[in-house]
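J.: If you want the building blocks of each chain, they are given just below.
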Amino acid sequence: MKKLLMTAIKTSISEVMETMFFLPVEFGREATLDQCGMDKKNTMASQLAFTGDFSGRLILLAPRNLIAEMAENFMGEPRRNLTEDYFSGTLAEMLNMVCGNALSKTKSQIPFELGIPQMINASEVSENEVFTIVETFDAKMAVLLKMD
Amino acid sequence: MSYSILIVDDSLPMRLVIKKILTAAGYGSSEILEAANGQEAVELMKNNWVDIVLTDHNMPVMNGMAFIKNIKSDELSKDIPVVVISTEGNASKIKEFMDCGAAGYIAKPFSAEAIRDLMVNILGDVNYEETFDDSNKDFDF
Chain V
2 MKKLLMTAIK TSISEVMETM FFLPVEFGRE ATLDQCGMDK KNTMASQLAF
52 TGDFSGRLIL LAPRNLIAEM AENFMGEPRR NLTEDYFSGT LAEMLNMVCG
102 NALSKTKSQI PFELGIPQMI NASEVSENEV FTIVETFDAK MAVLLKMD
Chain H
12 MSYSILIVDD SLPMRLVIKK ILTAAGYGSS EILEAANGQE AVELMKNNWV
62 DIVLTDHNMP VMNGMAFIKN IKSDELSKDI PVVVISTEGN ASKIKEFMDC
112 GAAGYIAKPF SAEAIRDLMV NILGDVNYEE TFDDSNKDFD F
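Just so you know, the sequences run in chain order V and H.
Here our numbering runs 1 ahead of the position in the first sequence, where the first position is 1.
Here our numbering runs 11 ahead of the position in the second sequence, where the first position is 1.
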């Protein structure tokens, strides 16, 4: 089930990134944050819990610069006009759209219920967690699916 | 023609995006009200006339479903059209929204055209050939 859901999540990431943020993506190898060279200090992170036929949470990490670019593309506003709330809101909304879209692609008996996206501190993410790496033009983000 | 449009979404960026799409679609002269959840929207509607509501579902305090039920149970607001804009794409969930009285549903991620087309279908008389405001070129129809 996890593998099936992860495939749906990858499809949804592509759809959301292209439709809402105008950034095409490719999926790289699975890796820890250290292995893929992501600097936790300049990284923002958000997580979203879901319940239904199966339950878990989706965690998304992205560097601040990429989030700023996504926010600019999403809202059509230069980053100098956007406050921190817009950046964290963009990451949370990206996660919300990806999770909802992916879960709707699964054949579930019970409709899934999504939680509210929560911003988390990237430094709290374990060094040993293996993420799916999502690459854009010159940046990458990391996504992790944890099943309960 | 101008309207009073209420956007209900806990996402600040999403409210801004929808507002920009409405402006680009010819609703620039309309009054656009915002609320971050259903409860805020209920309070706001006590003191403001609203022609149409665009609401998310997955929000803290009061979610979209509870908000629609609230609106539809009130004699003064039961006829106000409510469009759900949400990531909840499950068919049974969408049916539940429609059974509660939603006038339409748009799945996130959405296109600007999806919002414009549904607004035109519900409000009826916006001729976007004449009223299209091209001052915001971020959203091409």
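You may find that some hints are simply not true.
[Said to hold, decoys possible] If you want the footprint, here are the derived chain V segments under chain H, 3+ residues with CB under 8 Å:
no. : segment
1   : 7-20
2   : 64-77
3   : 82-91
4   : 96-105
[To be verified] Here are the simulated distance ranges between beta carbons:
no. : chain 1 : residue 1 : chain 2 : residue 2 : range
5   : V       : Glu19     : H       : Leu134    : 25 to 35 Å
6   : V       : Arg80     : H       : Ser122    : 20 to 30 Å
7   : H       : Ser13     : V       : Ile111    : 26 to 36 Å
8   : V       : Thr8      : H       : Asn58     : 24 to 34 Å
9   : V       : Glu85     : H       : Asn58     : 42 to 52 Å
10  : H       : Ala125    : V       : Thr8      : 39 to 49 Å
11  : H       : Asn132    : V       : Gly38     : 46 to 56 Å
12  : V       : Lys4      : H       : Leu134    : 23 to 33 Å
13  : V       : Glu136    : H       : Ala102    : 49 to 59 Å
14  : V       : Ile111    : H       : Lys83     : 49 to 59 Å
15  : H       : Ser40     : V       : Phe28     : 55 to 65 Å
16  : H       : Met12     : V       : Gly77     : 47 to 57 Å
17  : V       : Gly38     : H       : Asp90     : 36 to 46 Å
18  : H       : Glu124    : V       : Met148    : 31 to 41 Å
[Stated by the list, open to error] Once the Cα atoms are required to be at most 25 Å apart in a straight line, the calculated DSS-like pairs of lysine-lysine come out as:
no. : chain 1 : residue 1 : chain 2 : residue 2
19  : V       : Lys106    : H       : Lys31
20  : V       : Lys3      : H       : Lys31
21  : V       : Lys108    : H       : Lys106
22  : H       : Lys104    : V       : Lys108
No wet-lab data here; the hints were simulated from the structure.
Every residue, glycine too, gets a C-beta built ideally from N, C-alpha and C.
J.: I'd like to know which numbered hints this structure contradicts. Please list them from smallest to largest.
T.: 7, 8, 9, 10, 12, 13, 14, 15, 16, 17, 19, 20
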